[in-house]
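J.: Each step along the sequence shown adds one to the number in UniProt numbering, with nothing skipped, and position 350 is 350.
Calculated from the structure, these hints are not laboratory results. Ideal Cβ placement from N, Cα and C applies to all residues, glycine included. Certain hints may be false.
Unchecked claim - Simulated restraints, written as ranges between beta carbons of each label pair:
#	residue 1	residue 2	range
1	Tyr3	Arg368	29 to 35 Å
2	Ser441	Tyr376	36 to 42 Å
3	Trp150	Gly364	39 to 45 Å
4	Asp18	Lys149	52 to 58 Å
5	Tyr3	Arg83	24 to 30 Å
Said to hold, decoys possible - Mimicking BS3-like on lysine-lysine, the simulated pairs with C-alpha atoms at most 27 Å apart in a straight line are:
#	residue 1	residue 2
6	Lys125	Lys371
7	Lys332	Lys199
8	Lys331	Lys223
9	Lys301	Lys191
10	Lys318	Lys336
11	Lys194	Lys336
12	Lys149	Lys194
13	Lys210	Lys152
14	Lys295	Lys336
15	Lys318	Lys210
16	Lys295	Lys332
17	Lys223	Lys149
18	Lys420	Lys449
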Amino acid sequence: MSYQGTFYWYDYETFGADARVDRISQFAGIRTDADLNIIGEPDMFYCRQAEDYLPDPIACLVTGITPQQANREGLSEVEFARRISDRFSEPGTCVLGYNSIRFDDEFTRNLFYRNFIDPYAREYKNGNSRWDLIDVVRLTHALRPEGIKWPKKEDGTTSFRLEELTVANGIGHENAHDALSDVYATIAIAKLVKDNVPKLFDYAFSLRNKQTVFETLSVGSNKPVLHISSMFGAERGCMALVLPLCADQTNANAIHSIDLSFDPDLLEGLSVEEIQRRVFTSQQELGETPRIPFKTIHANKSPMVVAAKMMTDELAQKWGHDLNLCRQNWKKWQSKAHLLPIIQQAFAFEGSEETDVDRMIYSGFFPRRDKEAMDYIGRSDIEQLDPNAFSFQDIRCPELLFRCRARSYPDALTDEERMKWEQHKYRALMEQNYGAPRCLSNYPELLNKAHLEFQDRADAQFLLEELMLYAQSIAPFDSF
Numbered sequence: 001m002s003y004q005g006t007f008y009w010y011d012y013e014t015f016g017a018d019a020r021v022d023r024i025s026q027f028a029g030i031r032t033d034a035d036l037n038i039i040g041e042p043d044m045f046y047c048r049q050a051e052d053y054l055p056d057p058i059a060c061l062v063t064g065i066t067p068q069q070a071n072r073e074g075l076s077e078v079e080f081a082r083r084i085s086d087r088f089s090e091p092g093t094c095v096l097g098y099n100s101i102r103f104d105d106e107f108t109r110n111l112f113y114r115n116f117i118d119p120y121a122r123e124y125k126n127g128n129s130r131w132d133l134i135d136v137v138r139l140t141h142a143l144r145p146e147g148i149k150w151p152k153k154e155d156g157t158t159s160f161r162l163e164e165l166t167v168a169n170g171i172g173h174e175n176a177h178d179a180l181s182d183v184y185a186t187i188a189i190a191k192l193v194k195d196n197v198p199k200l201f202d203y204a205f206s207l208r209n210k211q212t213v214f215e216t217l218s219v220g221s222n223k224p225v226l227h228i229s230s231m232f233g234a235e236r237g238c239m240a241l242v243l244p245l246c247a248d249q250t251n252a253n254a255i256h257s258i259d260l261s262f263d264p265d266l267l268e269g270l271s272v273e274e275i276q277r278r279v280f281t282s283q284q285e286l287g288e289t290p291r292i293p294f295k296t297i298h299a300n301k302s303p304m305v306v307a308a309k310m311m312t313d314e315l316a317q318k319w320g321h322d323l324n325l326c327r328q329n330w331k332k333w334q335s336k337a338h339l340l341p342i343i344q345q346a347f348a349f350e351g352s353e354e355t356d357v358d359r360m361i362y363s364g365f366f367p368r369r370d371k372e373a374m375d376y377i378g379r380s381d382i383e384q385l386d387p388n389a390f391s392f393q394d395i396r397c398p399e400l401l402f403r404c405r406a407r408s409y410p411d412a413l414t415d416e417e418r419m420k421w422e423q424h425k426y427r428a429l430m431e432q433n434y435g436a437p438r439c440l441s442n443y444p445e446l447l448n449k450a451h452l453e454f455q456d457r458a459d460a461q462f463l464l465e466e467l468m469l470y471a472q473s474i475a476p477f478d479s480f
């Protein structure tokens, strides 16, 4: 590998699964060189929780982390975010984890957004990049599985769960769902892959560069590629021959492709609305009507795409792919250029507009003047900042700054701001439609469901009682 930078491997434990509104409980990270040798000491720290948020009981039972522990041992969210940013932003760093692009990176972006740190800069500035090991493991399983033991689920398909891969391959992983333990396990799996298939590992690493991905996809050339993704299902080897069709109209990093097992003649005469219905509706709801297997490939998310010739007859037979059918459908696409504008329109719909500032990270880029002010805030002592010193253009900024200060430095608020913070907390904890993922009215039901699901766990009762006590401690007076 010619890479001269370092890898920074990381993992979060969180209090829920929605990166827009759930909070992080624990962070762990380890830096290695390009040969995966550990450099320096590992990082591990917790994040204190603000009083406008209730954790998901299931998440607490999975990790064993309570908000009381996070508050006792943790940093303010501002300091937590800045420490992580410092690690990620060291020049020449490639940040990665196991399923990090789809999960951890989204939590990172939202964490940085809430705390006035550029959510994207660490992904590309100063020779930095991001990557994700999980699809590299899927790629290895699909193309070069020899030398690695692959655990199976009850249905006979391969499991790519980190804790099951480590057990199958004799790798120590004593505390699954502890962030630091998971990071060590991820590095060990990476070494296993790198040692077994070094060329494939290096090729997969090159796909963190979106220009390499664009060149591989070569939209407009009518060349299929073999795409490895969990979307295709483990029963198919997590792969399919796809044809890149067209770029997204609004997202420059998104390419719309089609699974070549699908007959494009079935698209003739379909309206934009019908295509949308058959793409964005589950098969269960569609009944006997087949879904249209479009697959959007995001060039900035390290997608695993390789030359179509890698789908050999032997590989196709092993995983149940009909190469002759794929070739027939590929040839049909040569006379289907008239469908491309309709397909683009089908993906050009707008989702529901967010109204709560915490959920609005993707509601447009900030104006340049606001961006400069936000960068200044991100470098400053927020506890001592005068919020009235800033004149923002974007309506998100004043509320973001208020919530940032209130969550990390509530003692720094004025009397008027304290009243506003109490009103915000009341709505967040009491109103189901305010924006928070959980509220006090349905929290006992969530605790009961968690108790039923984990009743065989020795520590379940203690953890759930801790959550009940925590909810009572932050509840508005006489409301719970």
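J.: Can you confirm whether the C-alpha distance between Lys125 and Lys371 stays at or below 27 Å?
T.: 16 Å, holds
J.: Does the Cβ-Cβ separation between Tyr3 and Arg83 fall within 24 to 30 Å?
T.: For Tyr3 and Arg83 the Cβ distance comes to about 25 Å; the hint holds.
J.: What's the verdict on Lys295 and Lys332, does the C-alpha distance respect the 27 Å limit or exceed it?
T.: 18 Å, holds
J.: Taken at face value, is the distance from the CA of Lys194 to the CA of Lys149 at most 27 Å?
T.: Roughly 15 Å between the alpha carbons, so the hint for Lys149 and Lys194 holds.
J.: CA of Lys194 to CA of Lys336, is that 27 Å or under?
T.: Violated, at roughly 41 Å.
J.: Measuring from beta carbon to beta carbon, are Tyr3 and Arg368 in 29 to 35 Å?
T.: Holds - the Cβ-Cβ distance for Tyr3 and Arg368, about 34 Å, lies within 29 to 35 Å.
J.: Are the Cα positions of Lys210 and Lys152 separated by 27 Å at most?
T.: Violated - the C-alpha atoms of Lys152 and Lys210 are around 33 Å apart, more than 27 Å.
J.: Compare the distance between the alpha carbons of Lys223 and Lys149 with 27 Å, and conclude whether the hinted pair is satisfied.
T.: Roughly 33 Å between the alpha carbons, so the hint for Lys223 and Lys149 is violated.
J.: With the threshold set at 27 Å, check whether the alpha-carbon distance from Lys318 to Lys210 stays at or below it.
T.: With a Cα-Cα distance of about 31 Å, the restraint between Lys318 and Lys210 is violated, given a limit of 27 Å.
J.: Between Ser441 and Tyr376, does the C-beta distance stay in 36 to 42 Å?
T.: Since Ser441 and Tyr376 have Cβ atoms about 40 Å apart, the given range 36 to 42 Å holds.
J.: Is it true that the C-beta distance of Trp150 to Gly364 lies inside 39 to 45 Å, as the hint says?
T.: 43 Å, holds
J.: Does Lys318 pair with Lys336 here, judged by a C-alpha cut-off of 27 Å?
T.: 31 Å, violated
Going through the hint list in order, the structure does not satisfy hints 4, 7, 10, 11, 13, 15, 17, 18.
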